[in-house]
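Enquirer: Here is what each chain is made of, one letter per residue.
There are 2 protein chains.
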Amino acid sequence: MPAILYLIPTPIAENALHTLPAYVTEIVRNLDVFIVERAKTARHFVKSTGPAKPIQEMIFAEIGEHSALADAKQVFMDAITAGKNIGLMSEAGCPGVADPGAAIVALAHRAGVRVEPLVGPSSLLLALMASGMNGQRFVFHGYLSPKRPELAKDLRRIEAQAKQLDQTQLFIETPYRVQMVVEVALEVLQPDSQFSMAQDITGASEQILSMPVKDWKNLKNFQPEKLPAVFLVGKPVNK
Amino acid sequence: MPAILYLIPTPIAENALHTLPAYVTEIVRNLDVFIVERAKTARHFVKSTGPAKPIQEMIFAEIGEHSALADAKQVFMDAITAGKNIGLMSEAGCPGVADPGAAIVALAHRAGVRVEPLVGPSSLLLALMASGMNGQRFVFHGYLSPKRPELAKDLRRIEAQAKQLDQTQLFIETPYRVQMVVEVALEVLQPDSQFSMAQDITGASEQILSMPVKDWKNLKNFQPEKLPAVFLVGKPVNK
Chain A
1 MPAILYLIPT
11 PIAENALHTL
21 PAYVTEIVRN
31 LDVFIVERAK
41 TARHFVKSTG
51 PAKPIQEMIF
61 AEIGEHSALA
71 DAKQVFMDAI
81 TAGKNIGLMS
91 EAGCPGVADP
101 GAAIVALAHR
111 AGVRVEPLVG
121 PSSLLLALMA
131 SGMNGQRFVF
141 HGYLSPKRPE
151 LAKDLRRIEA
161 QAKQLDQTQL
171 FIETPYRVQM
181 VVEVALEVLQ
191 PDSQFSMAQD
201 ITGASEQILS
211 MPVKDWKNLK
221 NFQPEKLPAV
231 FLVGKPVNK
Chain B
1 MPAILYLIPT
11 PIAENALHTL
21 PAYVTEIVRN
31 LDVFIVERAK
41 TARHFVKSTG
51 PAKPIQEMIF
61 AEIGEHSALA
71 DAKQVFMDAI
81 TAGKNIGLMS
91 EAGCPGVADP
101 GAAIVALAHR
111 AGVRVEPLVG
121 PSSLLLALMA
131 SGMNGQRFVF
141 HGYLSPKRPE
151 LAKDLRRIEA
161 QAKQLDQTQL
171 FIETPYRVQM
181 VVEVALEVLQ
191 PDSQFSMAQD
201 ITGASEQILS
211 MPVKDWKNLK
221 NFQPEKLPAV
231 FLVGKPVNK
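Just so you know, the protein sequences line up as chains A and B, in that order.
In this text, residue positions in the first sequence follow the working numbering: the first is 1, and each later residue adds one.
In this text, residue positions in the second sequence follow the working numbering: the first is 1, and each later residue adds one.
A hint or two may mislead.
Distance condition first, Cα-Cα at most 27 Å in a straight line; then the derived DSSO-like pairs of lysine-lysine [claimed, not checked]:
hint: 1; chain 1: B; residue 1: 73; chain 2: A; residue 2: 214
hint: 2; chain 1: B; residue 1: 163; chain 2: A; residue 2: 153
hint: 3; chain 1: A; residue 1: 163; chain 2: B; residue 2: 73
hint: 4; chain 1: B; residue 1: 73; chain 2: B; residue 2: 84
hint: 5; chain 1: B; residue 1: 73; chain 2: B; residue 2: 47
hint: 6; chain 1: B; residue 1: 53; chain 2: B; residue 2: 84
hint: 7; chain 1: A; residue 1: 163; chain 2: B; residue 2: 163
hint: 8; chain 1: A; residue 1: 73; chain 2: B; residue 2: 214
hint: 9; chain 1: A; residue 1: 163; chain 2: B; residue 2: 153
hint: 10; chain 1: A; residue 1: 53; chain 2: A; residue 2: 73
hint: 11; chain 1: B; residue 1: 163; chain 2: A; residue 2: 73
hint: 12; chain 1: A; residue 1: 40; chain 2: A; residue 2: 84
Simulated from the structure, these hints should not be mistaken for laboratory data.
So that you can see chain A by itself, here it is in the shape it has in the complex (with noise of 0.2 Å):
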């Protein structure tokens, strides 16, 4: 059999395991050579799937760090030759999606590898699914600029733009800047467009808001935890 390159979700809350088909844990059970943006989280992860070998004797290249990509090609195209199956994690959600994952991918479609994407969590398309603004239409910007007034003009674009092209604009913040991002969206964006935050999707403190900017100003003390959020703006919601 030629060999495969898994596409392995990992669960995007603590604890949050059950988030995970069984044949996706499964898969991961079966392999011992992995693509993975920290080895020690990726350990971690395997070892709870209860895998057939001992973990020391498993391959754990690291692509998190620029300098490594080179090293973890090399790991790819050997256990390819040697016929090996090989699992690509991300550091938490669906690889390829808002990680340096996808290198790796294109490298397996010009080597005529086999690419077989698993099912799981991303908090992206958990936050669009329960925003309730349009899923027909969207975009994903990554991260918006860091610094205030950047951000306010970042916002004000992205504002015209789901509003012109009813297209919804997903984004996504650290945890130390989620509360400026709050702040300066509830400053600049209109009162009647959408605003939606979502926290810990699938953990014990998931939060999801979404409304337009006026409720939001209503919030009295309102304070988002210190964990990593996606945020989306969307035009007015019709009732």
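Given the coordinates of chain A, work out where chain B should sit on it, guided by the hints.
Expert: Just chain B now, with coordinates in the frame of chain A:
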């Protein structure tokens, strides 16, 4: 306990119930009010999970037709008032993404009802993961224009956007237009642009192709299946 709106993914390929995590089928088994794209397929799916109640005693409100949305909203409000949890389901894949379910999610937010998105297959997300293209910035357009000259224009426009913004461009097509999309794309896209097509992901006839346009032209007698497809256009992939 206040009622919850569960966003329930369903399989995207035949006989692919294994792609749903067990916690999803467990939740489905214990619901008896569903808002669905098409009642017939929804009943079939709910039956396959081994529900606690007879199917005839459940409510399936359709939102597939525009005219039925008001009825579905009434079913939603009645269930909430009675303290009952509700399941929202798409015809296949994730509700609220490329389907009309978002209106019900928006209603839930307005009514202060907790929205709980569950993990499952999305052909868009799986196609993006498997493409090897940039997953850090991407846009989903829904369907492009159905006629050749306008489709050619659309493809040129999204190709320019892919290069200018380094933003992967996704769109979908129905079975009977897939062949035409491939023909027009190979005519009008630049030789080094990356072009990907995914069909029947997670299914028995899964096919995922991703390569530069010039390599597509070398495929001899290539015929896509008469199945829905996800297409992606991206800038040239670095080696």
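Enquirer: A separate judgement is required for each hint: does it hold in the structure or not?
Expert: Taking the hints in turn, this is what the structure says about them:
Using a Cα cut-off of 27 Å, the hinted pair residue 73/B and residue 214/A holds, with the two alpha carbons roughly 24 Å apart. For the suggested pair residue 163/B and residue 153/A, the alpha carbons sit about 23 Å apart, so the restraint of at most 27 Å is met. Among the hinted pairs, residue 163/A with residue 73/B is consistent with the structure: their alpha-carbon atoms are about 25 Å apart, no more than 27 Å. Restraint check for residue 73/B and residue 84/B: the C-alpha separation of about 14 Å stays at or below 27 Å, so the hint holds.
The straight-line distance between the Cα atoms of residue 73/B and residue 47/B is roughly 24 Å, inside the 27 Å bound, and the hint therefore holds. Distance check on the hinted pair: residue 53/B and residue 84/B sit about 14 Å apart at the alpha-carbon level, within 27 Å; holds. Distance hint between residue 163/A and residue 163/B is fulfilled; the C-alpha atoms sit about 24 Å from each other, no more than 27 Å. A distance of roughly 24 Å separates the Cα atoms of residue 73/A and residue 214/B; the hinted pair therefore holds under the 27 Å criterion.
Straight-line distance between C-alpha atoms of residue 163/A and residue 153/B comes to about 23 Å, which keeps the hinted pair within the 27 Å bound. A distance of roughly 23 Å separates the Cα atoms of residue 53/A and residue 73/A; the hinted pair therefore holds under the 27 Å criterion. The suggested pairing of residue 163/B with residue 73/A holds, with an alpha-carbon distance near 25 Å, which does not exceed 27 Å. At most 27 Å may separate the alpha-carbon atoms for a hinted pair to count; residue 40/A and residue 84/A meet this at roughly 22 Å.
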